[in-house]
Amino acid sequence: NAGVTQTPKFRILKIGQSMTLQCAQDMNHNYMYWYRQDPGMGLKLIYYSVGAGITDKGEVPNGYNVSRSTTEDFPLRLELAAPSQTSVYFCASSYSSLGAGSGELFFGEGSRLTVL
Amino acid sequence: AQTVTQSQPEMSVQEAETVTLSCTYDTSENNYYLFWYKQPPSRQMILVIRQEAYKQQNATENRFSVNFQKAAKSFSLKISDSQLGDTAMYFCALIDGGSQGNLIFGKGTKLSVKP
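Heads up: the sequence lines are chains B and R, in that order.
Counting from 1, one number per residue, gives the positions in the first sequence under the working numbering.
Counting from 1, one number per residue, gives the positions in the second sequence under the working numbering.
Pulled out of the complex, with its shape left as it was, chain B reads as follows (with noise of 0.2 Å):
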């Protein structure tokens, strides 16, 4: 089972450069995130989403866009990189919501971007 699969894997970007992580899930869920873990610290909520077309900020949503025309599909959008970006992304799926007690994220392997 493939579960969540995030590319690239690893990138390196300069400063004012854009790109776009890839997401997508097999599991036929509703919900997807994008957090952010920077070192030493816990995981920040960029973005989300409770179904295909309809998307909401998180903790941390400035200087990314995303998108989710399709259930599997939820890339996320880097507009002009900044150093303070570097970091490492993570695309989770759940089926259901996690304010209801019974879902459970599943995580990608992450995506390791360094903006120089």
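No lab work stands behind these hints: they were computed from the structure.
Mixed in with the good hints, there may be bad ones.
[As the list claims (entries may be wrong)] Chain R is faced by these chain B residues, among others (derived, beta-carbon under 8 Å):
1. 8
2. 12
3. 45
4. 72
[What the hints assert, rightly or not] Here are the simulated DMTMM-like pairs of lysine to aspartate or glutamate, each with C-alpha atoms no more than 25 Å apart in a straight line:
5. R:110 - B:56
6. B:44 - R:81
7. B:44 - R:15
8. R:70 - B:38
9. R:107 - B:38
10. R:107 - B:56
11. B:57 - R:96
12. B:44 - R:86
13. R:107 - B:73
14. R:55 - B:104
15. B:44 - R:10
16. R:107 - B:109
17. B:14 - B:38
18. B:44 - R:96
19. B:57 - R:26
Glycine is no exception: its CB is placed at the ideal position from the N, C-alpha and C atoms.
Place chain R on chain B using the hints.
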């Protein structure tokens, strides 16, 4: 605002011994859920155990159990019979009931199991 605090950046334990990881949290809600996630060196994070705040009984999953003290806002993870494969970062997380997305994570505890 909700917060999750893990006060132990690193811990180590001998194989087969028991270790307890600490977590405290703060929320103004009465209905919420708490989680422990494990992130092995391969980096893919997986759920270890879940606790509903309205349940007084502590959750258990095989060698993993929690000590949930609601009044003290404490949620510690006990790993019994530690195995080398338990070596990982462990994250405590909180979400308010009814919230759709924002799972709040602590900074994590790096656990090393020594042979």
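Each hint, compared with the structure:
1. 8: Given a least distance of 14 Å, the restraint on residue 8 (chain B) is violated.
2. 12: It is violated, given that the least Cβ distance between residue 12 (chain B) and chain R is near 18 Å, above 8 Å.
3. 45: holds (5 Å)
4. 72: Result: violated, 18 Å to nearest chain R Cβ.
5. R:110 - B:56: With a Cα-Cα distance of about 31 Å, the restraint between residue 110 (chain R) and residue 56 (chain B) is violated, given a limit of 25 Å.
6. B:44 - R:81: violated (32 Å)
7. B:44 - R:15: violated (32 Å)
8. R:70 - B:38: violated (29 Å)
9. R:107 - B:38: Status holds; Cα separation ~10 Å.
10. R:107 - B:56: holds (24 Å)
11. B:57 - R:96: holds (17 Å)
12. B:44 - R:86: holds (24 Å)
13. R:107 - B:73: The hint is violated at about 28 Å.
14. R:55 - B:104: Roughly 18 Å between the alpha carbons, so the hint for residue 55 (chain R) and residue 104 (chain B) holds.
15. B:44 - R:10: Holds: residue 44 (chain B) and residue 10 (chain R) sit about 21 Å apart, inside 25 Å.
16. R:107 - B:109: holds (18 Å)
17. B:14 - B:38: Given that 25 Å is the threshold and the Cα spacing comes to 19 Å, the pair holds.
18. B:44 - R:96: Holds, because 16 Å separates the two Cα atoms, which is no more than 25 Å.
19. B:57 - R:26: It holds: about 22 Å lies between the C-alpha atoms, which stays within 25 Å.
Hint compliance for this structure: hints 1, 2, 4, 5, 6, 7, 8, 13 are not met, and every other hint is.
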